[in-house]
Structures are given as structure tokens and as C-alpha cells.
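Chemist: Residues per chain are reported as follows:
Number of protein chains: 2
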Amino acid sequence: MDSEQKSRRALLKTGAALAGGITLGAVGKANAQSANPPTPTSENASPMIHGSKELIEYGQRSKYVTSVRIAHPLGGRPSPDVFGKVFHVASPLQDSVGVITPSSLHYIATTRGSFMPDIDPKLHTLTLHGEVDRPLTLTMDDLKRFPSVTRLHFIECAGNRHNGKQRTVQETHGMTSCSEWTGVLLSTLLKECGLKSSAKWFVAEGAEEVKGASSIPIVKGMDDCLIAYGQNGEALRPQQGFPLRIMVPGFEGIYHTKYLRRIKVTNQFYMNYNEFGHLTREDKELALGERIGPKSVITYPSGTQRLPGPGFYEISGLAWSGGGAVKTVEVSTDGGKKWNRAEFKNTPQRMAHVRFAYPWKWDGTETVIMSRTTDDIGQRQALREEIAEWWKVPFERDYRVPGLDNSVMPWKISKDGSVTNGLA
Amino acid sequence: MDSEQKSRRALLKTGAALAGGITLGAVGKANAQSANPPTPTSENASPMIHGSKELIEYGQRSKYVTSVRIAHPLGGRPSPDVFGKVFHVASPLQDSVGVITPSSLHYIATTRGSFMPDIDPKLHTLTLHGEVDRPLTLTMDDLKRFPSVTRLHFIECAGNRHNGKQRTVQETHGMTSCSEWTGVLLSTLLKECGLKSSAKWFVAEGAEEVKGASSIPIVKGMDDCLIAYGQNGEALRPQQGFPLRIMVPGFEGIYHTKYLRRIKVTNQFYMNYNEFGHLTREDKELALGERIGPKSVITYPSGTQRLPGPGFYEISGLAWSGGGAVKTVEVSTDGGKKWNRAEFKNTPQRMAHVRFAYPWKWDGTETVIMSRTTDDIGQRQALREEIAEWWKVPFERDYRVPGLDNSVMPWKISKDGSVTNGLA
Numbered sequence: 018m019d020s021e022q023k024s025r026r027a028l029l030k031t032g033a034a035l036a037g038g039i040t041l042g043a044v045g046k047a048n049a050q051s052a053n054p055p056t057p058t059s060e061n062a063s064p065m066i067h068g069s070k071e072l073i074e075y076g077q078r079s080k081y082v083t084s085v086r087i088a089h090p091l092g093g094r095p096s097p098d099v100f101g102k103v104f105h106v107a108s109p110l111q112d113s114v115g116v117i118t119p120s121s122l123h124y125i126a127t128t129r130g131s132f133m134p135d136i137d138p139k140l141h142t143l144t145l146h147g148e149v150d151r152p153l154t155l156t157m158d159d160l161k162r163f164p165s166v167t168r169l170h171f172i173e174c175a176g177n178r179h180n181g182k183q184r185t186v187q188e189t190h191g192m193t194s195c196s197e198w199t200g201v202l203l204s205t206l207l208k209e210c211g212l213k214s215s216a217k218w219f220v221a222e223g224a225e226e227v228k229g230a231s232s233i234p235i236v237k238g239m240d241d242c243l244i245a246y247g248q249n250g251e252a253l254r255p256q257q258g259f260p261l262r263i264m265v266p267g268f269e270g271i272y273h274t275k276y277l278r279r280i281k282v283t284n285q286f287y288m289n290y291n292e293f294g295h296l297t298r299e300d301k302e303l304a305l306g307e308r309i310g311p312k313s314v315i316t317y318p319s320g321t322q323r324l325p326g327p328g329f330y331e332i333s334g335l336a337w338s339g340g341g342a343v344k345t346v347e348v349s350t351d352g353g354k355k356w357n358r359a360e361f362k363n364t365p366q367r368m369a370h371v372r373f374a375y376p377w378k379w380d381g382t383e384t385v386i387m388s389r390t391t392d393d394i395g396q397r398q399a400l401r402e403e404i405a406e407w408w409k410v411p412f413e414r415d416y417r418v419p420g421l422d423n424s425v426m427p428w429k430i431s432k433d434g435s436v437t438n439g440l441a
Numbered sequence: 018m019d020s021e022q023k024s025r026r027a028l029l030k031t032g033a034a035l036a037g038g039i040t041l042g043a044v045g046k047a048n049a050q051s052a053n054p055p056t057p058t059s060e061n062a063s064p065m066i067h068g069s070k071e072l073i074e075y076g077q078r079s080k081y082v083t084s085v086r087i088a089h090p091l092g093g094r095p096s097p098d099v100f101g102k103v104f105h106v107a108s109p110l111q112d113s114v115g116v117i118t119p120s121s122l123h124y125i126a127t128t129r130g131s132f133m134p135d136i137d138p139k140l141h142t143l144t145l146h147g148e149v150d151r152p153l154t155l156t157m158d159d160l161k162r163f164p165s166v167t168r169l170h171f172i173e174c175a176g177n178r179h180n181g182k183q184r185t186v187q188e189t190h191g192m193t194s195c196s197e198w199t200g201v202l203l204s205t206l207l208k209e210c211g212l213k214s215s216a217k218w219f220v221a222e223g224a225e226e227v228k229g230a231s232s233i234p235i236v237k238g239m240d241d242c243l244i245a246y247g248q249n250g251e252a253l254r255p256q257q258g259f260p261l262r263i264m265v266p267g268f269e270g271i272y273h274t275k276y277l278r279r280i281k282v283t284n285q286f287y288m289n290y291n292e293f294g295h296l297t298r299e300d301k302e303l304a305l306g307e308r309i310g311p312k313s314v315i316t317y318p319s320g321t322q323r324l325p326g327p328g329f330y331e332i333s334g335l336a337w338s339g340g341g342a343v344k345t346v347e348v349s350t351d352g353g354k355k356w357n358r359a360e361f362k363n364t365p366q367r368m369a370h371v372r373f374a375y376p377w378k379w380d381g382t383e384t385v386i387m388s389r390t391t392d393d394i395g396q397r398q399a400l401r402e403e404i405a406e407w408w409k410v411p412f413e414r415d416y417r418v419p420g421l422d423n424s425v426m427p428w429k430i431s432k433d434g435s436v437t438n439g440l441a
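As you go down the protein sequences, you meet chains A and B in turn.
One gets our numbering by counting positions in the first sequence from 1 and adding 17 to each.
One gets our numbering by counting positions in the second sequence from 1 and adding 17 to each.
Pulled out of the complex, with its shape left as it was, chain A reads as follows (with noise of 0.2 Å):
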């Protein structure tokens, strides 16, 4: 050990009296060069990677970078064949960082199995009609002269939720993600249809065998959904609907179809044909039973992290919600007897995650810490005890069961630095 490396881990162990306050005071693993690393030659000059035609076309990441998605045990079951003919895929919320989820790593639910449609963009139309005075069918060229909108949205699939069972975030809440989306409102479509006034409720319809979703009310139709043909800067990506997908912002995942082809209006409540027949709730519920709730959930550290040791730790995670931008994120590091206000790391948008940190010195002794968040409509995100009826319902049921489990995710920070799920 150099004397360079030995005054670095003096100043991370004793850093108390730093004039910046920031006491790491562990040490990760020591690769400390010297102040004066020596400067580059063709002799000691990093090993290259050699640029091929792909690689400037379209830039990969780095093979030292591994993070993957997994599918999801939902609800603890085991974890389904992902090729077979239901899955759902998780991002790995423990890696994430900022705000947008890479379109490589968003989440998918899907009740294709792994396939999925192969369009043609060139070939593929949206048809709106139904209760309107004007059917409409247009190409993608023609949709992408309307005036268009670009939002950042969250998409959460109603299955995303947690119990003991789950190790790591990635399980306990990785269907959920965000994206920046461009497209045409709907409703700027739906005035050039002209509505009838009959027109109570639609009907988005995908290219797929299988379609998930019911009914959507005329007035969310005309109020927020975003007909999309772009996400995080390009084209849709083909696990999220490619060329177009219905935005339904805060609605559950199931109502943002994918390949969407048409859009039907309607008079009344339309039951679609879902093999899972979950959805069923008459109209009565739907209007706002769909909408996910205020939820949050720290990602770092989060189960299976580990923490080297007493010292300084940026807690970090997610919030959103259905119900409109959120408000504020208290953080508890004491099992949840004080809750302390998080700052935001980017400014809340409606139906958009967004990015919560809490300055933490952790003194080593065993603790729970977990995330609650508030809406700018006043909800906010309940305790696991509070909705205690809730999750004793067994997986079986979950579907059947209105609401969804937004509860508090507690995680617990054993004395040497592991990090597990707080309810197992």
C-alpha cells in the first residue's frame, strides 16, 4: 500500500471532519492508483476495442455492463417458461439509475408468450371508428402529420406486486418503467372523427390473437391517451408494440395495446375476450379501478445489495402514480417510527416516475428502511398492515380482488451490510 492509498482510506474511515460532510466511511475494494497515475504511452495505453461498421451505425453496450431482465415470479409462483405461452419479463430496478428505463430493458407483459407480431410499418394502418361521424384509416406516414406530443410516462403491469418471497427489487417491482413517448393525443384524432354524442366508451384493439383489455371511458379517451410511435427518441420498440401503442396514462399496463390497428367507439361497456377472464368488473368499477395507485420503492439498496459498512449511503429510488404527478417521498431509515422528506432528482410530471433520494449515515446496527409517497390528488401510499385484507388474498384470486398492491416495501439492513426483503 502506497502512501496515497493509505491517506484515502484514512480520510473515507475518519472523515468526519471533511469540510464537504460526505463520510463514506468504508472503504469499497482498494484499486487506488497513485495521485499521479502515469501517464498514458503506447507502451501502458488501455486495451482497445475496435470499432466494426455496427458499432458506429448503432452503438452497443459495454460488455462489462450485464444487467438483464428476468421473468417474473409473479406473485411467487415459480418463474413461468418464458417461452411459453404467458409471461411477463421484469427490468432490474436495482441497477437502474435516473429516470428513463432503457427501451432495451423495459418490462413486458404479454399474453403472446415470447412472440411477437412482425409489422410491417409501411403495410400497417390505424382505423378509428364506431360512434363517430367520420371513420378515419390512416397510414403511419399520414399519423405522423398530426400535431404530436411527446410525454414521459410510466407503464405498470397490475401483477407487480410484492410479498416475502421476492429477493431482490427486480422481483418485488420490476414491471413497472418509464419511457419519454411521442405521438398524437387521441383526442386529436377523435375531433377529427367528430364524436357522436352517444359515445360513451372505446375499445383498442391490437394486432394480436389475444386482447387484454376492456373498455376505456370516452373522457379519458379525450383527456391524456397518446397514440405512440416513438419511445426515449426513436421508433417503438418491438416488445412494446411496434409500429404503435395506446398510452393510457396510470391506467394498468394491460390497457396500453400494443400493435394497436383499431380503435372502436362505443355506446356502452364492452367486455373484450381475455382468457384469464380477469377483467371482470362491470362498468360500475372500471372507471376508476383501473388506475394504479401512489407507490414507491427504494431501489438502492434493495435486496441482495450489500453495504460494505458504516458510513455515508445516498438512499435512492422510484416514485409515480396513477392519480397525477407525484407529490412528495418521506423515507424512513428507523423500521418506520420517523419518516424524513426525500429531495427529487427530476422535476414530477403527471403519470411519470420519478426519482427520490435520501441522504443516509448508516451506523451499523440492524435497521428497515422503506419509501411512502403522496400524489398531487392527496393519495397516499398505504402501510402493508393497512391493507392487510389485501395481500393474505392467495395469488389464485389476485386477479379477482379490486385495487392493486401499492403497500409500503420495507427492506432490512442486517449488521453485516445485507440487504433482504422485510417481510420474509
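Hints are computed from structural coordinates only; laboratory data are not their basis.
Quick caveat: nothing in here was measured; it's all calculated off a predicted structure.
Don't take every hint at face value.
Remember, identical chains collapse to one label, so a pair may be satisfied in a single copy or spanning two.
With a straight-line cut-off of 30 Å between C-alpha atoms, the simulated DSSO-like cross-links for lysine-lysine are [stated by the list, open to error]:
| hint | residue 1 | residue 2 |
| --- | --- | --- |
| 1 | Lys217 | Lys354 |
| 2 | Lys208 | Lys281 |
| 3 | Lys354 | Lys80 |
| 4 | Lys70 | Lys80 |
| 5 | Lys161 | Lys362 |
| 6 | Lys70 | Lys139 |
| 7 | Lys378 | Lys213 |
| 8 | Lys217 | Lys80 |
| 9 | Lys70 | Lys213 |
| 10 | Lys355 | Lys378 |
| 11 | Lys362 | Lys344 |
| 12 | Lys281 | Lys70 |
| 13 | Lys429 | Lys362 |
| 14 | Lys139 | Lys429 |
| 15 | Lys208 | Lys429 |
| 16 | Lys281 | Lys432 |
| 17 | Lys213 | Lys354 |
Once you have looked at the hints, place chain B on chain A.
Modeler: Leaving out everything else, chain B in the frame of chain A:
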């Protein structure tokens, strides 16, 4: 042509009477289906993409989306060999939607040819030293424990200039890109080190043989410089400096040192080696000379694109400034006689792209369209004739001229709808 197609064609051509007021006017390639598309069955279902393990773990774009980066013909020179010593690679702005540049399509400028350092993040460290009380050497794990920020910022190459020889917006303006960056403020780390009163400048060094950047004022370092490890929700891409790059918001791209491994705080202006010798400016000129001016460009319609006929179009483009946030964008559709306020698709942020749009009904006559922006410190993008002396300077002398070419870009619309460089 069935009756549905007929009614659609009639609608688009005669749309002036429509309730919604959007008159596309011209019909794209007619692929209209009937208003009641056939119900999918196993006989007529779309062809399927079979998901592979790789697609589940980390998805890719559609085979139908072929937008790619290209070697940038700097200042009208022939395209350099991208596998040679020096290259610039431009982003396909003509296909861009929204604000984020997909990481796979972020522009690249380098002095290393297509080779990239192959850095194992577990072995990488960042050293801060020089005119500080406590030098620091941090591993990536150490760095990620500090308080973080997430910010939208553009990076633009000083060589991103246009003339009458370029055909597409990728060629004229493709060396600017915008990402959501996550990392630690340099000021957080420098406070930890404790700046000496002698600290006036700093130099950023990457793990490359050739460093292009000159000294940066320490006041800029303490203001908004960001040591970034995250880009668009995941780790930096290798072509953007994996595992670490410094963001110097608003300064020309070459200051955003990639593969960052050392920050040296100095007591005087320090001239780095640069093979081009193009950073010969002295300290008096430097502080503001490296800052990108207010700038904007229309990406649709832009060079080599074609309007299918008279009717409604949404003119769309990007605006940015190194001086702060964009305040206004104006669009002219008559060659600069009248300027109309454009709307923003996202909230302008400091040193970040903003997507602007202006609704336009093209009457089919020849015209020139252009955009200009004003930033929130009052700087206005100049017309090309206002900076005539600058753009007359031949390419060989580009780098010796203070200031960058941020002049207004005109696109000429011909009667046949074709779009060409308005300076040609």
C-alpha cells in the same frame, strides 16, 4: 378502391371543413383497410417474431427501423475513413422524435479513430489532486455512494457547422445529442478535497493517448460540471466514455472528457497537447469562447425529405444553447419575412435540447423555412448573413476562428415538395 378508402381520400383532400381543423390535404401511400379490419384468427394473424433468450434479456429495435449514424463530412470535406485515425460520426436527426437521443445513436467525435479504451469498471479509479488540501482516489463503487444528480444535457461538437454543400440535417447538424445524465457534481467532490485558494483552473484527463481538452475555469467546475456514470437510465456507453465522463454543460464537446480518470486542479491556465493545435486560445479568451451559442434546426421537413403535397404539416425541430435554457423559438415559413412563435414539446432545461413545433399549412408554392432561438440570458441565434465573415473562412482555418457557427439553417421547399439545403 373500396368505399372506405374513397371516403378517406375525400376527407384528407377536402378536410377544410373538418371539425378538428387538421387538413392533411395530401394522401400518403394508400394502405387503408376497411373500417372493420378482419378479426385476427390463426389463419390471418400477423407473422411472428420468436423471442430469443437474448431478446428477453436485452431487447433490440425492429428490423424495419434502419436509421443509422454516418461518418460526418466535416465542413464539406469528403467523409473521413471511420476506421482511420480521426473520425466524427453524426446522429440521424431527420428521424429523431422527442428530446432524448437514443444512446445507440448519440454522435461520436474522437481523436482515436474507431478504437475505444476497453475499461473494466472494477479496476477503474478517478483521482482528484493538485491545488487541493486532500487528494482523493475513488473507485466506481466509492463514487456511486456520493449524492447524485440526474440532468438532461446536450453535447455538441465544435465542428457541427453547416454550409451549402450538405444535403441532410444529419450532415448539417448531426453532431449534437441530448441524454439524461446521472452522476456526481464535481463540486461535491472538490468540496470533499478542499480547494486551496490558489485553485484557478482544472484539467480533465481520460484513459486515452490523445487528450483534446484545454483547461476549464474552476468556477465552471464548482458550478455545474458533472462526473457522469449513467446515461439514459443505464451505464454510459463505451462510445460515450464508459465507465466515466465529465459533463461540462454548454461547453463544446471536446471538453467532455471520456474515460475520465484524473482531475488536476491547477493554479494557472494549462495547455493540453492537441494534435490539431486548434485550442490555441489564451485564458483571456477561453472562459466564454468555448460556450455553444443559441442554436436551432428544423429536423422535419429537412433536406432530402419530401412533402407528399399541399396540406397540413407540423414543422418540428430541436433548439439548445450553451448559455442556459432555451427561452423562445421562432419559425419562418416565408424565407424570413415573418417569424412565428413555436411551441415547446418539453419544458426547456439548462443546456438541454428542447423539441419545438409549429403547425403549418403548405399551399404548394416554393418557399424557405427556418428557425431561430433566443436563450434565457438573452442571446439570439443569428442569421447566416449576420455572421458572414465567419462562414467565409475556409475549413482549414476553422479552428483558429473564435466562436462557433450557430447560424440559422434554411431549408428550401420546392413546388414538388422536395426539401433541399437553402444555402446551396
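Chemist: Of the numbered hints stated earlier in the document, which are not met by this structure?
Modeler: Violated: hints 1, 3, 8, 9, 12, 15, 16 and 17.
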